[in-house]
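2 protein chains.
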Amino acid sequence: MTGRLAVIGIGPGNPNQWTAEASQEIAAAGALFGYQSYLARVPESAHQTRHASDNRVELSRAEDALKLAASGQHVAMISGGDPGVFAMAAAVCEALENGPPEWRALDLVFVPGVTAMLAVAARIGAPLGHDFCALSLSDNLKPWALIERRLRAAAGAGLVIALYNPVSRARPWQLSAAFRLLATHLPAQTLVIFGRAAGRPDEQITVTTLAAAETISADMATCVIIGSAETRKIDRPGQSPLVYSPRSAAKLASDGRSPEDSQ
Amino acid sequence: MTGRLAVIGIGPGNPNQWTAEASQEIAAAGALFGYQSYLARVPESAHQTRHASDNRVELSRAEDALKLAASGQHVAMISGGDPGVFAMAAAVCEALENGPPEWRALDLVFVPGVTAMLAVAARIGAPLGHDFCALSLSDNLKPWALIERRLRAAAGAGLVIALYNPVSRARPWQLSAAFRLLATHLPAQTLVIFGRAAGRPDEQITVTTLAAAETISADMATCVIIGSAETRKIDRPGQSPLVYSPRSAAKLASDGRSPEDSQ
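Protein chains in written order, with my numbering: chain A, 224 to 486; chain B, 224 to 486.
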């Protein structure tokens with residue numbers, strides 16, 4: 224079998240943030256798959272077929288790409304950000320595991336990219352400068368109670384939290400609920416960053432506090448970064464502020480022993 | 224003031240994983256700073272001065288770069304991986320916050336890159352395909368008890384864990400201690416990936432289990448990814464296995480309520 228599937232991260236949207244490897248893999252492919260908004264960022268080429276799909280069909284998109292690769296074609300799956308972070312790499316693995324055995328013989332590569340939280344962080348300083356976690360706020364594929372548990376665990380342990388998929392039309396209340404839950408674990412003045420379309424012409428970066436976070440709007444193109452109690456803001460005259468999480472941590476900012484400590 | 228400081232991520236080592244933006248920022252700089260091993264990856268250029276330093280002097284390296292930028296020069300700080308993840312961006316912010324006020328007027332940009340965990344994950348499938356955290360295992364700048372607490376919280380909440388700085392000559396026992404602690408929270412068969420020098424000629428990717436992880440050697444160039452109880456391996460005849468964390472999570476795999484749940 225000579226087919227190849229490359230699952231490629233093209234970063235959050237600025238073509239200048241593609242890696243050389245991503246550009247080469249895209250140029251070498253004969254067929255491109257992807258969510259239509261990501262595929263639209265790749266210039267059209269006469270030698271490539273394009274298979275755009277909606278954003279709710281990840282598994283069938285993965286199966287279609289694997290099928291075409293198994294027929295001998297050189298296929299590229301275009302993923303926003305990094306394909307391995309809340310994107311297409313896991314869907315391709317899942318489809319491959321449950322698909323026909325010959326798919327396991329395919330030449331399959333994953334091309335990493337700049338995931339949204341890194342692009343947003345770079346526009347504001349270094350909010351992910353110390354221990355952090357990345358959580359999807361979508362309860363389409365996991366129960367909301369599990370999301371709450373992870374938010375509590377992360378805030379209780381002093382991790383900075385990057386939230387992916389914070390809001391969609393079908394999930395309007397989850398982000399507010401997350402802020403309210405976190406407010407019971409973190410100081411009201413904890414810094415929160417809303418980063419939308421980082422690096423694109425319509426980029427919008429907003430710095431606020433946990434107490435005021437509910438007043439800021441977000442959508443599926445937004446990555447929300449919630450600082451730890453140690454995350455700091457540096458004001459700069461005539462320039463946007465910097466936000467960073469110090470490399471050192473002397474202690475947890477919570478007022479006493481956590482439940483885990485008593486184990 | 225016309226000086227500029229660009230803090231640039233060049234990924235884990237493969238020049239093909241630089242972004243276009245990183246290449247352009249490096250080419251435009253008159254002076255390059257960085258840890259000597261990272262700086263050595265940037266081709267020499269006659270119009271650039273080079274200021275290599277040891278890996279333990281992050282803050283003074285940041286101060287030196289800010290000073291030179293404040294004198295009007297165009298300076299680039301070369302960071303491995305992404306500058307915002309356990310790298311130079313936080314040190315630059317810290318130096319700037321504590322430095323002379325004129326540093327706040329500098330043109331300061333951060334250029335994101337492919338951080339080690341993303342490059343390692345891409346070589347093996349999608350182990351970071353669902354909620355995860357990134358923790359530095361170095362207790363140089365935080366107490367070991369805090370690291371233990373974060374490991375417990377992450378494992379207890381079902382997060383995949385990416386460990387940076389797992390081992391150094393001065394910190395020989397911490398990685399084994401982390402595996403032993405995690406073994407009290409996670410099944411013995413939990414998948415563990417050791418990714419060293421991802422994308423470089425001396426790359427080494429090893430998949431093992433938590434029970435056997437102590438027998439694998441690691442160093443400062445290794446990123447260790449510890450799966451959740453849901454992380455899966457797909458064997459492929461004649462090819463290396465794939466490891467991925469499914470996009471869906473039905474429940475936590477732990478046997479009952481966690482301490483956090485009782486709050």
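Mixed in with the good hints, there may be bad ones.
Where chains are identical, the list cannot tell them apart; a pair therefore holds if satisfied intra-copy or between any two copies.
Once the Cα atoms are required to be at most 20 Å apart in a straight line, the calculated SDA-like pairs of lysine to any residue come out as [claimed, not checked]:
hint, residue 1, residue 2
1, Lys456, Pro238
2, Lys456, Pro424
3, Lys290, Glu426
4, Lys456, Glu286
5, Lys456, Ala473
6, Lys290, Gln462
Everything labelled a hint here was simulated from the structure, so no lab data went into it. Remember, predicted model here, so these are calculated numbers, not experimental data.
Status of each hint after checking the structure:
In the homo-oligomer, the alpha carbons of Lys456 and Pro238 never lie at most 20 Å apart, since the shortest distance is 29 Å inside one protomer and 33 Å across protomers. Taking CA atoms no more than 20 Å apart as the test, Lys456 paired with Pro424 passes in neither setting, with 25 Å inside one copy and 40 Å between copies. In the homo-oligomer, the alpha carbons of Lys290 and Glu426 never lie at most 20 Å apart, since the shortest distance is 37 Å inside one protomer and 30 Å across protomers. Taking the closest pair of Cα atoms, Lys456 and Glu286 come within 20 Å of each other only across two copies (19 Å); inside a single copy the shortest separation is 45 Å, beyond that limit.
When the C-alpha separation of Lys456 and Ala473 is checked against a cutoff of 20 Å, the pair qualifies only within one copy, where the shortest distance is 18 Å, while the shortest distance between copies is 38 Å. For the identical chains of this complex, Lys290 and Gln462 are inter-copy neighbours only, at 19 Å across copies versus 51 Å inside a copy, given an alpha-carbon limit of 20 Å.
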